[in-house]
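Visitor: Listed here are the chains, written in short residue letters.
2 protein chains.
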Amino acid sequence: MPQIKLSEISTTAPKKADKEKTKEALKEILDELDDLQNLLYAEHKHSLLVVLQGMDASGKDGVIRDVFGTMNPMGVMVQPFKAPTTLEMDHDFLWRIHQHAPAKGMIQVFNRSHYEDVLVQRVHKWIDDDMAKKRFAAINGFEQLLQEHNNTHILKFYLHVSAGAQQARLEERTQDPRKMWKYNEKDFTEAKLFKTYQKMYEDVFRNCNKVPWTIVPSDHNWYKEFLIAQTVRDTLKSLKMKFPKLPKPKNNAVTKA
Amino acid sequence: MPQIKLSEISTTAPKKADKEKTKEALKEILDELDDLQNLLYAEHKHSLLVVLQGMDASGKDGVIRDVFGTMNPMGVMVQPFKAPTTLEMDHDFLWRIHQHAPAKGMIQVFNRSHYEDVLVQRVHKWIDDDMAKKRFAAINGFEQLLQEHNNTHILKFYLHVSAGAQQARLEERTQDPRKMWKYNEKDFTEAKLFKTYQKMYEDVFRNCNKVPWTIVPSDHNWYKEFLIAQTVRDTLKSLKMKFPKLPKPKNNAVTKA
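Protein sequences, first through last, are from chains A and B.
Last residue of the first sequence: number 257 in full-length UniProt numbering, and the count goes up by one each step with no gaps.
Last residue of the second sequence: number 257 in full-length UniProt numbering, and the count goes up by one each step with no gaps.
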């Protein structure tokens, strides 16, 4: 993905996409996903890591509730990554991330991720370009480790919202009593850095795309959720998973209790 | 360290080394180490990872007791890596290792390590050469991650014993009532694979020496412990650590209670 320009990529659903039909299609995909996740868990060979990145109010929480919330929670884990704790700061930046890598059979969703260490930290100049470069290399190595050594399939989604949609959603949080709990004064300060964030995201896409990013137009939640669910469904389907058969009885097996 | 031949490297103390003088020297080094570890903890900038590898009965436990046991346990952690649990097997081989990477200010000792995954597993052909190669690359990346992203200094020691010394020590465990708890029938079977293990170790030295290995002649415990203590001392000394000064009082600081 060389030299992506986010400003040239639409944040809205394609014009030909019909909202009601897309919602119906999503429902069908969610049914499929429920089965596929059960199969993933039963087969116990692969695992899935879903990385959700995006600006504040880009709709990451909504994806978790609406796409992953319909599956059996026994096989789905969600881990948010907020500002690191003191203990986390005393380790390399991938230490806290690696602990939450998915076990075989599991779907792990990252609400933000190791990419924050080359986004917010660069926007605020807490690290220089040289360190960012080293982190890119470390991230690529880490993702390769999960792929090659635990059969982990990684899906990375960038939830692409316009500055206008972001601003409207942040303001909604100051008005809607059901959303006020999400209000954070700092989000408005960060939103002013929208363009710098976009630049840093573009640099991430350039340097960490061995496991490819999917850029998800996210101004319309219904389209965003459809696209992500579809990608997850297609990935799981491509694994050609099978339910394990009963093991052959051993010669000395007790056949009656 | 290209093409090391372990059979050509002595397992005994050099002839000129005097046992009593070496033991006296070790005592002095241990005093220094106690101070250096306190400084490492206080400065809170670096961390030290000590990897102990070697055949069964090569004396890893003794090093931990005699070299690291004299330091303040607040700043020293020991982690043994035995056969992986079911949960560990459901993750990449570095998952359980990374969790025990040292925090800033700490000394972490690994009693066996991620290297078992390219030793015992190769000796028994549980993985093929292609997977071993991938693991070498992953290990090199992992060690680089700790160095570059958490200021971790890594010391890797191979405790080099002769097949004869190993056999004598294993047999001692069948006779000495204070050592019988270490007896494991399987150790005798593994000891028969001595030469294969040596070959796999040589391959490790060839492929994972970006962080260099120290080969420690280990037939004589007094020499082995001296050499390891000296290497740890020299490494900590080279860090030029300093005690942090009192922070400057803030303008609005309360100077009286």
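Quick caveat, the hints were computed from the structure, so don't treat them as lab data.
Please note that the accuracy of each hint is not assured.
As the list claims (entries may be wrong) - Restraint ranges, calculated between C-beta atoms of paired labels, are given here: (1) Thr85/B / Thr86/A: 24 to 30 Å; (2) Leu193/A / Lys134/B: 55 to 61 Å; (3) Val120/A / Pro247/B: 50 to 56 Å; (4) Leu87/A / Thr12/B: 53 to 59 Å; (5) Lys134/B / Ser238/A: 53 to 59 Å; (6) Arg206/B / Ala25/A: 37 to 43 Å; (7) Lys250/B / Leu193/A: 25 to 31 Å.
Because the structure is a prediction, the values reported are computed rather than measured.
Virtual Cβ for every residue (Gly too), placed ideally from N, Cα, C.
Visitor: Flag every earlier hint the structure violates by its number, smallest first.
Guide: 2, 3, 4, 5, 6
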